[in-house]
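Colleague: Sequence:
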Amino acid sequence: MGVLPRARLLAQAVAGIALARHLRRAGVAHLHCHFAHAPTSVGMYAARQARLPFSFTGHANDIFIQRALLRRKLARASFVACITDWHAEFYRAIEPACAGRLHVVRCGVDLDEWRPPTADVRARPTFEVLTVCRLVENKGVDLLLDGLARLDARAARPWRLTVAGDGPERARLEARAAELGIAARVQWLGAVENARVRELMGSADVFALGCRVDSQGDRDGLPVVLMEAMACGLPVVCGELPALHELIEDGRTGIFFVPSRLDALATSLERLRTDAEFGERLRSAGRQRVEREFSLRTNVCRLEALVWSRVKAQPDSVE
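Quick note, this note's numbering runs 26 ahead of the 1-based positions in the sequence shown.
Since the hints were made in silico from the structure, they are not lab data.
Each hint should be verified, as a subset may be incorrect.
[Unchecked claim] Label-pair ranges, simulated between beta-carbon atoms:
#1 Pro65 / Ser241: 18 to 28 Å
#2 Glu115 / Thr293: 51 to 61 Å
#3 Asn220 / Leu35: 30 to 40 Å
#4 Thr293 / Gln213: 21 to 31 Å
#5 Asp244 / Pro184: 39 to 49 Å
#6 Arg150 / Asp178: 12 to 22 Å
#7 His48 / Gly207: 50 to 60 Å
#8 Pro268 / Val40: 33 to 43 Å
Cβ atoms here follow ideal geometry from the backbone N, Cα and C, with glycine treated the same way.
Please model the entire structure based on the sequences and the hints provided.
Modeller: Set out below in structure tokens:
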């Protein structure tokens with residue numbers, strides 16, 4: 027461990043001591059942390075100082091790349107909320123002793139906010155493809171550019187890609203679009219607020235996300251934006267990762283593509299451009315899938331029940 031990681035861990039320990047004082051004053055009975063890297067490090071130190079139980083939810087980069095002390099956190103946590111069954115298996119492989127404390131609690135979406143448009147605003151001459159993400163390697167926007175470039179530009183419904191989000195890859199991606207000769211068909215919005223994302227989803231024909239494992243091993247866990255798109259009644263086309271099968275059933279609630287097979291991506295997009303009935307089936311099944319398992323209300327209740335079960339099981343102090 028180098029000087030910087032040691033300094034960072036020391037800073038987190040100091041922050042944990044400060045947080046512990048606040049927790050004691052506030053009479054907190056249980057501490058739950060989101061993201062398994064720095065937030066849970068601080069939370070673990072604070073819980074130990076305040077003699078409280080703690081738990082955490084891990085997501086993506088925080089467990090795949092920045093996994094300092096992850097095994098210790100798994101060993102000490104009173105429970106771990108896993109956003110997918112795949113995450114539970116991942117944790118179990120790192121710390122087998124935590125198996126009985128792993129519980130699946132999805133990252134849910136507010137189904138009242140994220141819902142299909144009340145009017146059919148998709149009857150337009152342009153085939154509107156939307157992606158919302160940070161512009162980084164593991165989001166695979168370059169895959170979408172390459173796949174869309176394979177579509178017939180002379181078709182009756184020309185396509186347009188709208189990219190909402192920003193990041194270090196933006197200049198490279200814009201250059202790639204120019205190289206492919208499709209720059210005029212790609213709209214770069216930069217970072218946008220949630221309200222604007224909902225507007226964009228309400229007027230798009232399909233939502234696409236090029237999920238993949240990047241050169242450093244980073245990848246998505248289960249992107250909330252996919253749930254939001256499905257809740258809005260959008261067909262989704264997505265790069266295939268193991269955990270995503272818990273949300274998307276290929277050909278029924280969405281479509282997977284393999285990053286190395288961009289012709290298949292183009293074929294899927296072309297089918298959605300031309301087969302309205304297929305698109306409607308995906309819209310309906312996708313919304314129903316999110317309603318069944320990924321609603322915010324359902325998963326907040328699951329987390330609340332877990333927290334209260336641990337609070338009630340604790341003595342007056344926790345060693």
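Colleague: What hint numbers does the structure not satisfy?
Modeller: 2, 5
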